[in-house]
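Number of protein chains: 2
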Amino acid sequence: MKVVIVGGVAAGPKAASRIIRMMPNADITIVEKDLFLSYAGCGLPYYVSGEIKEQRELMETSAGVVRDATFFLHVKNLKVKNHTEALEIDRKNKRVHVKSVATGDKAWLHYDKLVLATGASPVIPPIPGVDKKNVFTLHGVHDAEGIKKVLAQHKAKDVVIIGGGLIGVEATEALATHGCRVTIVEMLPQILNMLDWEIARLVENYVETNGVRVMTGTKAIALENRGETDDIVTHVRTDKGDLPADIVILAIGVRPNVSLAQKAGLTIGEKTGAIQVDDHMRTSDPDIYAAGDCVECIDRLTGQPCYVPLGSTANKQGRVAAVNICGGNEVFPGVLGSSICKVFDYCAARTGLTERAAKDLGYELITAMVPGVDRAHYMPKSKILLMKIVADKNTGRLLGVQVTGPGEGAKRVDVAATAITAGMTLDQLAHLDLSYAPPYASAMDNLITAANVARNKRDGFMIGIPAEAVQRKIQNGEDFVFLDVRTPNEYEQVHLPKSTLIPLGALRRRLSEIPRDKEVITYCAISLRGYEASLILRAAGFTDVKVLDGGIAMWPFDREIP
Amino acid sequence: MKVVIVGGVAAGPKAASRIIRMMPNADITIVEKDLFLSYAGCGLPYYVSGEIKEQRELMETSAGVVRDATFFLHVKNLKVKNHTEALEIDRKNKRVHVKSVATGDKAWLHYDKLVLATGASPVIPPIPGVDKKNVFTLHGVHDAEGIKKVLAQHKAKDVVIIGGGLIGVEATEALATHGCRVTIVEMLPQILNMLDWEIARLVENYVETNGVRVMTGTKAIALENRGETDDIVTHVRTDKGDLPADIVILAIGVRPNVSLAQKAGLTIGEKTGAIQVDDHMRTSDPDIYAAGDCVECIDRLTGQPCYVPLGSTANKQGRVAAVNICGGNEVFPGVLGSSICKVFDYCAARTGLTERAAKDLGYELITAMVPGVDRAHYMPKSKILLMKIVADKNTGRLLGVQVTGPGEGAKRVDVAATAITAGMTLDQLAHLDLSYAPPYASAMDNLITAANVARNKRDGFMIGIPAEAVQRKIQNGEDFVFLDVRTPNEYEQVHLPKSTLIPLGALRRRLSEIPRDKEVITYCAISLRGYEASLILRAAGFTDVKVLDGGIAMWPFDREIP
Numbered sequence: 000m001k002v003v004i005v006g007g008v009a010a011g012p013k014a015a016s017r018i019i020r021m022m023p024n025a026d027i028t029i030v031e032k033d034l035f036l037s038y039a040g041c042g043l044p045y046y047v048s049g050e051i052k053e054q055r056e057l058m059e060t061s062a063g064v065v066r067d068a069t070f071f072l073h074v075k076n077l078k079v080k081n082h083t084e085a086l087e088i089d090r091k092n093k094r095v096h097v098k099s100v101a102t103g104d105k106a107w108l109h110y111d112k113l114v115l116a117t118g119a120s121p122v123i124p125p126i127p128g129v130d131k132k133n134v135f136t137l138h139g140v141h142d143a144e145g146i147k148k149v150l151a152q153h154k155a156k157d158v159v160i161i162g163g164g165l166i167g168v169e170a171t172e173a174l175a176t177h178g179c180r181v182t183i184v185e186m187l188p189q190i191l192n193m194l195d196w197e198i199a200r201l202v203e204n205y206v207e208t209n210g211v212r213v214m215t216g217t218k219a220i221a222l223e224n225r226g227e228t229d230d231i232v233t234h235v236r237t238d239k240g241d242l243p244a245d246i247v248i249l250a251i252g253v254r255p256n257v258s259l260a261q262k263a264g265l266t267i268g269e270k271t272g273a274i275q276v277d278d279h280m281r282t283s284d285p286d287i288y289a290a291g292d293c294v295e296c297i298d299r300l301t302g303q304p305c306y307v308p309l310g311s312t313a314n315k316q317g318r319v320a321a322v323n324i325c326g327g328n329e330v331f332p333g334v335l336g337s338s339i340c341k342v343f344d345y346c347a348a349r350t351g352l353t354e355r356a357a358k359d360l361g362y363e364l365i366t367a368m369v370p371g372v373d374r375a376h377y378m379p380k381s382k383i384l385l386m387k388i389v390a391d392k393n394t395g396r397l398l399g400v401q402v403t404g405p406g407e408g409a410k411r412v413d414v415a416a417t418a419i420t421a422g423m424t425l426d427q428l429a430h431l432d433l434s435y436a437p438p439y440a441s442a443m444d445n446l447i448t449a450a451n452v453a454r455n456k457r458d459g460f461m462i463g464i465p466a467e468a469v470q471r472k473i474q475n476g477e478d479f480v481f482l483d484v485r486t487p488n489e490y491e492q493v494h495l496p497k498s499t500l501i502p503l504g505a506l507r508r509r510l511s512e513i514p515r516d517k518e519v520i521t522y523c524a525i526s527l528r529g530y531e532a533s534l535i536l537r538a539a540g541f542t543d544v545k546v547l548d549g550g551i552a553m554w555p556f557d558r559e560i561p
Numbered sequence: 000m001k002v003v004i005v006g007g008v009a010a011g012p013k014a015a016s017r018i019i020r021m022m023p024n025a026d027i028t029i030v031e032k033d034l035f036l037s038y039a040g041c042g043l044p045y046y047v048s049g050e051i052k053e054q055r056e057l058m059e060t061s062a063g064v065v066r067d068a069t070f071f072l073h074v075k076n077l078k079v080k081n082h083t084e085a086l087e088i089d090r091k092n093k094r095v096h097v098k099s100v101a102t103g104d105k106a107w108l109h110y111d112k113l114v115l116a117t118g119a120s121p122v123i124p125p126i127p128g129v130d131k132k133n134v135f136t137l138h139g140v141h142d143a144e145g146i147k148k149v150l151a152q153h154k155a156k157d158v159v160i161i162g163g164g165l166i167g168v169e170a171t172e173a174l175a176t177h178g179c180r181v182t183i184v185e186m187l188p189q190i191l192n193m194l195d196w197e198i199a200r201l202v203e204n205y206v207e208t209n210g211v212r213v214m215t216g217t218k219a220i221a222l223e224n225r226g227e228t229d230d231i232v233t234h235v236r237t238d239k240g241d242l243p244a245d246i247v248i249l250a251i252g253v254r255p256n257v258s259l260a261q262k263a264g265l266t267i268g269e270k271t272g273a274i275q276v277d278d279h280m281r282t283s284d285p286d287i288y289a290a291g292d293c294v295e296c297i298d299r300l301t302g303q304p305c306y307v308p309l310g311s312t313a314n315k316q317g318r319v320a321a322v323n324i325c326g327g328n329e330v331f332p333g334v335l336g337s338s339i340c341k342v343f344d345y346c347a348a349r350t351g352l353t354e355r356a357a358k359d360l361g362y363e364l365i366t367a368m369v370p371g372v373d374r375a376h377y378m379p380k381s382k383i384l385l386m387k388i389v390a391d392k393n394t395g396r397l398l399g400v401q402v403t404g405p406g407e408g409a410k411r412v413d414v415a416a417t418a419i420t421a422g423m424t425l426d427q428l429a430h431l432d433l434s435y436a437p438p439y440a441s442a443m444d445n446l447i448t449a450a451n452v453a454r455n456k457r458d459g460f461m462i463g464i465p466a467e468a469v470q471r472k473i474q475n476g477e478d479f480v481f482l483d484v485r486t487p488n489e490y491e492q493v494h495l496p497k498s499t500l501i502p503l504g505a506l507r508r509r510l511s512e513i514p515r516d517k518e519v520i521t522y523c524a525i526s527l528r529g530y531e532a533s534l535i536l537r538a539a540g541f542t543d544v545k546v547l548d549g550g551i552a553m554w555p556f557d558r559e560i561p
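Protein chains in written order, with numbering that gives the first Met the number 0: chain A, 0 to 561; chain B, 0 to 561.
There may be inaccurate statements among the hints.
Since the list gives no way to pick one copy over another, a pair counts as held whenever it fits inside one copy or between any two copies.
[Said to hold, decoys possible] Derived SDA-like pairs: lysine to any residue, alpha-carbon spacing no greater than 25 Å straight-line:
1) K91 with I473
2) K497 with H234
3) K392 with R94
4) K78 with A505
5) K341 with K382
6) K105 with K517
7) K545 with C325
8) K392 with A155
9) K78 with A539
10) K80 with P514
11) K392 with M21
12) K1 with N455
13) K380 with M58
14) K380 with F343
15) K382 with M58
16) K380 with T176
17) K341 with H376
What the hints contain is simulated information worked out from the structure, not anything from laboratory work.
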């Protein structure tokens, strides 16, 4: 069996390794246009930041062996043609035309099965100046080296990152670590478009406290030079003013590399522009498989095609393709859009649907905003985690979870991903037997509390109101009681605009201070006391009582600090 | 509606708070025999260690308010009778007889519904000397204060902990933090009986590197005084010799407090000795509910009664009892035996069934031992996590996961708990869309790799052999090839007894060095290269090739360090 694999970074080597394990006598050739193989592209921001010291570390196995052509041949028995470009697929004769980048020599490689793992390329915006020397993407090792070189010359004070997605945000931390003044320029109304607006806004507020400027709803128009040498950018012109720039990083996103597949007449997904595959990772040609950042996935919740290029998915798909090539029967069931990134000491993650996406799909929803500490609150290392949970109002099914904050968010997102995959309801989520000890969780884990808050809303015990709606009331000068039920000491430190303080413990005896004919919106730090207050008021006959979703902890607007 | 709740620590206050939220006019009284209410018992080891500075912190809400009787009355509208003992239940007249501990005054409290949340008490072993001054359990605040007092007098050098369960192990770290020489005396062949032997042994090996002595299979016979004052213990006599002791901590386990229920004629579980409840948390008397450490649970996997007292379960059960008391219909579906503890920088955790428990239940099993880093291996903060996975051979269903090591284990155990709850198979586990970014996970998460290793074993690609079986072969002087396929440099640092080195990259050209008529057992650091080596050997015609389960990383016996 002859197998040719085009692409030597993630899905390609994974497929090759798995095939040779299942069929030790297979004749496998990996074709990779770059010099480097199997490097850890996701690690580049941490190489730029200096957390990872040596380029070599991104190329090594966990045992410290560099994954070069020799490694693949001797250890894995895989032939590698690196620095070799695949030009064309001759499907009729089952062969691939390749060209050595160094020598220009061309050759045809025959295959019984072909795997396309051609990956993705960064999107370059169609604006002037993107070809200048100090403009980078963060896609390959050479990008990272280029950025590090400018940094090493002590020339970079101002960095403009165009695009506030996962890579833009990861790059932000990397550059800020070097003392650069970083500005993120994002065309959309928010960074991290994988999140709902108000969660993204919490991340924006946080990165701004780390000295980063975030300009959302802002369009980069041109990368300009106003200095002596014309080959570098000195300023980024945007529709909201000009920004000085010693380095510009383009992080608009990536686009699947499909030209090889397209030229060969393989089906390309209409919505995604990525190679269409069936659940066996087979393209429209049964002898050609595809995997990784070049293919489209199916969203497990919606059944719709989606494009979520990630190393985790690429590895799974490479393995599935391999098993099926070897005569097995393995299905890749799709993805949930699980995504996570670290920015300074915050994580930002989601799995499943955002509220926005779920609404667009026509779901009726229950949502809850649930801040809480990530382990027993009396443990000195406990940190706050800000969670949003989205469920189907009619079935109670969990649809999505988003988290941010310094607390341990990856754990909760992964549990949520598992629960969503299983089709669990809020009731089932609330009764999961998650591990508990004070260094790891509270007795009621954040996810369980979130499920309970959502159930309280579903069952009418809690009537929530989103921060945005409250902010609108304030801005419109509407007449309502914004009731803070924390302690005077807490209130003095920080509170929300237009709010009145009556501590929870005093509320029952001070009910007469609250007008009965007005809407009352209660809040506290995390809206647990706010919830209790709302129940006291309702029990006392107040008819229009709501609780601010997520309390002060998840208030995305300005707070008042006397 | 009059509700009386006996027990004011975890399940009791939770039930009370929930009832008052659902029925604001309910008349609720909590009866607690201790002075303290709602203190965080699970936090005691961290108070002893000094990580938690003030006793007060264990009594406070996350907003810093002490949960005393005033708090419960003013904030929650709950009456509290603390320092009050419940003597007897008069079921016919629906009333509870209570006595003030301070004054001895007695009274009858009428109820419409009664909740028993009487908790558990530490088991005191029937040996002489347990009543001496420097013998403690670690159950209440007074125990922690007692231990801290002795420590403050600088008198404690030698600490003997009798019992190596969760509390014993947590106490070990707390005392070692104070510079004490700690010995754990455990009657069973292993500590942490919630784990399989070889995982527990890895924890034992680790705590011993932290200067702790672990004596398993050892029975404490008497706590003796050989000094001047007779009221303290100076030595612990065991069947394996005597141990000096300045402090003795009894951590044998806890027993449910059921005397009140028993006297009232409520059904007690035969196997567990805990109060039997239905899935609505109702005892055999429909007007009496029970929740928390005093009740038995149903194991969600086996359907059998079990006794796993934990604060997390207590809170959930308290809420379920409350909902049902208020006329709702909420089911507590049982537990998975999820347990976790921290000891120095290791976590030790499990969910679902151990291999031992599953075998006892008659399952045919696939198990895999899978060590791996807990995030991208090139991230400097990556740490190893040692995982064991247990699945049903016939259905492929995941039955249990155990972890230990310095890596992030809680996350994987919680995902596993969710997957087990959902009845997921190894195939489904392998395709979970878990969140991936280098600071949080590898592209192939530990759980996904574990599922794949187990699938490779199921499908015959990998033939594993447990460390115990190999150790037996070595001890019996059996003739086999124990093949280390790492690098010479790795081999020089540490290797397993009786092993031969042929690095993986050289294996194909050095096949002739390996006798074809002998059993070959391959290994490396984590058994990934060992697995590749076994495939190379099998492809080359070797017929009896196995891979050491878990590699050196999970070898529980002595290693050779030249």
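**Item:** Hints violated by the structure (numbers, ascending)
**Value:** 1, 2, 3, 6, 8 and 10
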